[in-house]
Amino acid sequence: MTHPDLLILLVALPGIAFALLGILWLAGLHPSERLVRRFTGFIYSTASLLAIFLAVFSVPVYATLGDWFAIGEYRFPLSLTLDPLAVPFVVLTVLLTGLIGAFSARYLHRESGYLRFFLLLHLFAFGSLLLFTAGSLDLLLGGWELVGITSVFLVAFFHARPGPVSSATRIFAIYRSADIGLLLAIFALHHFAGTTEFAQLIQGPWLERSSSFAGSDALFTGFLLLLAAAGKSAQFPFTGWIPRAMEGPTPSSAIFYGAISVHAGTYLMLRLQPMLLNSTPITVALIFLGLLTAIISTLAGRSCPDAKSSLAFASVTQLGIIFVEIGFGFERLVLWHVAGHAAVRTLQFLRAPSALHEHHLMHAAAGGHLEPTGVHLEALIPTPLRAWLYRMAVDRGHLDTLIDKFVTLPVLAVAAWFHSLESRLVSTKLDDANESLPAALPTKSDA
Amino acid sequence: MSQHQERQFGSIPELLAHLAHYLPAQGPIGVFIHHNTLHAFQHLPFEQAVVEAGELFGAEPYMSEDAYRADLRRGRIRREDIDAVLAAEPNAEILPGRLDRTHLRTLLLRNPESHFDPATIQWRIEEGKLFTASESDLFHACLERVTTGPELHPSAPTRPRDGIFSRTGIDIDEEIHPLLIRLSAAYLDQGYAYWPMPLRERGFFAAALALLGQKLSLESGALSGLAAECRRQILMEFTPEESILNSLEFFAVPSGNFEEFLKAELLALPGWAGIFHQLEAHPQLAPHVRLPASLAAFLAVRLLLVRVATNNALSGEARLWRTTALVQRDDRLAKAARKFDTLRRLGLNATEVRATDPVAWAKLSAEIHACGPLEIRRLFHLAYERRHERQILLPLRTFRQSHPPQPIAEPPVAQVFFCIDEREESIRRHLEEIDPAIHTYGAAGFFGVAINYEGIDDAHAVDLCPVVVTPQHAVRERVPQHQEAHFARRQSLRRAWARFTHNGFIASRSLLRGWLATATVGAFSLLPLLVRVLTPRQYTRLRNLFNEIIVPRPETELSFTHSGEEEIHGLQFGFSIAEQADRVAGVLAGAGLASNFSSLVFVLGHGSTSLNNPHESAHDCGACGGRRGGPNGRLFAAMANHPDVRAALVSRGIEIPSSTWFVGGYHDTCSDDVELYDLHYLPEALRPQFDRVRASLDKARAASAHERARRFEFAASARTFDAALLHVEERSDHLAEPRPEYGHCTNSVCFVGRRETTRGLFFDRRAFLVSYDASIDPDAVYLGRQLGAVVPVCGGISLEYYFSFVDNERYGCGTKLPHNVTGLIGVMNGQSSDLRTGLPWQMVEIHEPVRILFVVEATEAAILKTIDSNATIAEFVVNRWIRLAALHPESGAISVYRDGVFEPLQGEPQDLPVAAASADWYRGRMEHLPVARILASEVHAS
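Chains as they are written, first to last, in my numbering: chain A, 1 to 447; chain B, 1 to 942.
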């Protein structure tokens, strides 16, 4: 096999795993836990070896899958790329998914949703690999949506309780809203630049990349892309969904919100960095958004007394900084930061259920006296302001309220107005048609 | 029921003190004490309590009918059990000559009832699919005779949420709970959050008012006006109680309804309300930070949020919540359907139904109604427990008759004390199988020494004794003088490690330090991640090796001899010689070991170590207050080895030969590790004998691990004893393992008596084994003490498992997988839920929910006397929270306690299954196994 074929195989492996298990399930066969466990182990051991092999021996690799369709001169080519930018993301995805698979085989043992979890995990890995190796935004969108939908289903994993379901619904709504940005950006790029292929939009080798796409077109597209990335990476004002995502099983929290899924937004920004940075307003917005997110999240996280929300906000804090780094054009630093952050957070999430045990050991080793926290720099803030900041932190920066008040409610109001308009119109029509009917029909007030 | 009680409460604090009984009694989860989940109902008979509590908490009283029916199909319940249970219930004639109650109930229990709800019946009648013509006739005959009963009274809502929900469809709980939960968690946080809640030293109410009263905070629509209301209450200088009264006035609650209203509000988030109450009543339970916790403050804040939300939801017309009637379903169709279903099976037709005279119909109707789904489950449950009783008592009787306990001629090779815990049953049995010359004993795992203890590695002193006891004696682990330099070095390294870890914890989460940590060295955590997930045992091995090299544990000794005046924190330091002798004598004589000592006596405490397990402490020793009992075993041995104590013991009737040596130790029930203490003091002459016993102990723990592994699907590869030991060690070290051990999951029996009576029987880790010898206790003094200690402990464990199993969502805490450790005091489901109390599904999933069966080897008279003299035992026994049987110490006859009297055990003698060794009996089987005779562990009466 040639290297491009190996790349295609690498991306396809989790997809094949998903398809095979899915077909078994649809056929009414319930594969045993043992089979699922071994199969998953095999898939990700192979994928990890492949990814490392490709990363070491043949970066960059390009693989073309032909055209999606072509109209005259205009083509929608589908291609996969493994370049120095994609390598860390791809390697982390297969390694961590394999680890999470091994972890979950134990963690979810005897759980009724065992197979469902693994199906979603495979689909997620497939989506992520597609996202990180896509040669164009068109293909990237496919991976992006798979990652989004698996994320939502895993948050709703315990669907017998209302909490996870309502959280998942909210996350779904936020993803959908933000993804409008990506979809529109794709339209815009096809319109303005005639392509969404990264090779066409961005020129030059890694670390010396540049883009000729600039001006108001780039500004417009850039804002749409930023909207998409902010949704996926829980940046301001979308940050409120991240603690809600903690309803799912711990291993999925680890890989989605500690490691891979939340970094997808940073990947998108990094991938198109030269193009985005051509526009000063976008650069400023990136930095400002990242900074704002980091500050609000670190405050909210500091007030979180529960293990998982605390980690969720810690995660977003670093994501905010990564956005800032992207705004400043630090490409190599961003990659280090993403890789380091993903590794740290995954381990921390997996240790979250052992928080009590670990705290007990630490407390005993300290002789019962841990340094008090939150009393050093915080003491410099005047008391009234501290109380106000804490109030804001406890309400997680009021971000959910902000969205509800200024987006959800107005949208609902508009929808309600249309609804009443519709029923008025319909009832007028009905009245016209029903004039001949007897008037003695029971009405609601009689009942 | 409580609303019918004519009780008046003078003030809010009094009322709250009463209402607090309905809240979960679980403290911070780091120390988990098993107790009867329905402790507040223990003054009622069991069957009544489960129903009343079920109504109050919306919980199930028994398993589901389907579950019992499945047990009936697979033979776990037999038809003879149903017959026997019904025969014991009062009978009555229903239709003279045709039907009596027993007949009716037999019919209902044996045949599954069709489940009907009115909407389905209506629809299926309309579709014409429900009945054949004759059936339809019968159904209509039933329907004609079903009265609508008392007029349907629209019930008034008990709390605003219900009224508002039925009026507007808005669930205000969804609006207020996230904020209330976050505030409560942040307030009670024991040091997990970086930023402690400002002003929390002033109490929850004041802190919450100050925070929520902040100006310029964005308020959601549902809670708009919250800040203004808080500022008003601050201005009024309300205490929490005044605020509650003010809110009650706001909601226009009549004073007669205060109890009902506040109870409903508290039970909306019982876990959080409960933890506030626990920390108020027992501030010492707070693991790290003592705060002024108060249930009144929690309730005041809750009502404050409810009133703001109510005001917004009802657009200012807050009082409207009470005037909304809750809709009640008309159940006439369902009633008719049940009658139809029953009568059809009785073979009655429509004409006969119509011809039945009103009096007879009323009787029939009442009988069918009385044997509703709940009653059916109660009867099934009794049948389910009866089968269990017979599975235990019949084999025990057979065995006891063929193997009367032999007097022991010469001292055994060793006598080994374990905790009474049913998890120790397997290791005891295996130890006896491996070396039949070893005898084992069971005593409550604190071994009579109630101590306040601090080891060299502990953060602070803790109480190692049952929770109902307050220790009066402090004991400390000390480092001998020649080790002090070494110890100081070790301590400073440990402090440094703690600082490093704590910094890492904070740094990785904060903004700038987090940046440095993750962007620079972050990628290196990939290595521990890989090792910990893929080979957890290697990780532990490496860590232990590392500790061994860097910070080896110094030699230590216990400091426990009281020398005059010394005190620590108001506690007497150590025990005087007389006190030590009392404790040693109490345990030894209580267990029936007053003479015939071996030259080696082992005393093993126990505990459990695991990761991924916020409920870790629930696996520790209950007799040590949910902690690990190693120090108690060590202390007991040290006391019993003291020459002065031995001298003092002589006057207490116990003569320990000078050649006898006691060895203290610790058994980890999760990893099956056994650690023995102070071996450097062991007399050299005993070394060969010690080595033999140590080797047997090692084999026994591997065999016990093997027996445990049979229950774990994941342990398929653990075929040999050694592989099983590795397997359970891995369970203890695995970050992902939700079932490190099954804990008390299999508990169902408590045997109080001589080990010789049960030795040689396979109890499948299901029996607590309490050593007691009636022959040296003519006045039943020790019996009273033993039962006084073990009935509440074992009864509490049994009932906690019972309730957590029958309703795992309400009484237990559901599946562990979404659990989120909160504030170091408990777990929530996901990011925002009530604080979950009770046991998780993974801990109870293989449990058989039966009330524990006590079998006491003593005369009926002695047992009845003990019950009479101890109100706690009496409550457990008389109200049927536990089951009780007596085994006569001399004749071996068994009788069962039923409503105040002992009745002889009925039934023909049965043959006991026999196996050469335990492993032959359980190998390859996962289910609960019947009692069997194990030849290898029988005492050879040679």
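In case anyone wonders, no lab produced these hints; they're calculated from the structure.
There's no promise every hint is true.
[Unchecked claim] Pairwise CB distance ranges, derived in the manner of DEER restraints:
no.: 1; chain 1: A; residue 1: R332; chain 2: B; residue 2: G58; range: 42 to 48 Å
no.: 2; chain 1: A; residue 1: E371; chain 2: B; residue 2: R541; range: 27 to 33 Å
no.: 3; chain 1: A; residue 1: L402; chain 2: B; residue 2: P112; range: 51 to 57 Å
no.: 4; chain 1: A; residue 1: T46; chain 2: B; residue 2: G924; range: 31 to 37 Å
no.: 5; chain 1: B; residue 1: H39; chain 2: A; residue 2: L409; range: 44 to 50 Å
no.: 6; chain 1: B; residue 1: Q538; chain 2: A; residue 2: F57; range: 48 to 54 Å
no.: 7; chain 1: B; residue 1: L679; chain 2: A; residue 2: A364; range: 22 to 28 Å
no.: 8; chain 1: A; residue 1: L409; chain 2: B; residue 2: L534; range: 27 to 33 Å
no.: 9; chain 1: A; residue 1: S177; chain 2: B; residue 2: R541; range: 29 to 35 Å
no.: 10; chain 1: A; residue 1: F57; chain 2: B; residue 2: R537; range: 33 to 39 Å
no.: 11; chain 1: B; residue 1: N544; chain 2: A; residue 2: W206; range: 40 to 46 Å
no.: 12; chain 1: A; residue 1: L35; chain 2: B; residue 2: H888; range: 54 to 60 Å
no.: 13; chain 1: B; residue 1: G924; chain 2: A; residue 2: S45; range: 55 to 61 Å
[Unchecked claim] If you want a taste of the chain B side facing chain A, the calculated C-beta under 10 Å gives, among others:
no.: 14; residue: V469
no.: 15; residue: S510
no.: 16; residue: A736
no.: 17; residue: T822
no.: 18; residue: I825
Even glycine gets a Cβ: it sits at the ideal position worked out from N, Cα and C.
Hints, verified against the model:
| no. | hint | in the structure |
| --- | --- | --- |
| 1 | A/R332 - B/G58: 42 to 48 Å | violated (58 Å) |
| 2 | A/E371 - B/R541: 27 to 33 Å | holds (31 Å) |
| 3 | A/L402 - B/P112: 51 to 57 Å | holds (55 Å) |
| 4 | A/T46 - B/G924: 31 to 37 Å | holds (34 Å) |
| 5 | B/H39 - A/L409: 44 to 50 Å | holds (46 Å) |
| 6 | B/Q538 - A/F57: 48 to 54 Å | violated (30 Å) |
| 7 | B/L679 - A/A364: 22 to 28 Å | holds (25 Å) |
| 8 | A/L409 - B/L534: 27 to 33 Å | violated (49 Å) |
| 9 | A/S177 - B/R541: 29 to 35 Å | violated (50 Å) |
| 10 | A/F57 - B/R537: 33 to 39 Å | holds (34 Å) |
| 11 | B/N544 - A/W206: 40 to 46 Å | holds (44 Å) |
| 12 | A/L35 - B/H888: 54 to 60 Å | holds (55 Å) |
| 13 | B/G924 - A/S45: 55 to 61 Å | violated (31 Å) |
| 14 | V469 | violated (23 Å) |
| 15 | S510 | holds (6 Å) |
| 16 | A736 | holds (4 Å) |
| 17 | T822 | holds (4 Å) |
| 18 | I825 | holds (9 Å) |
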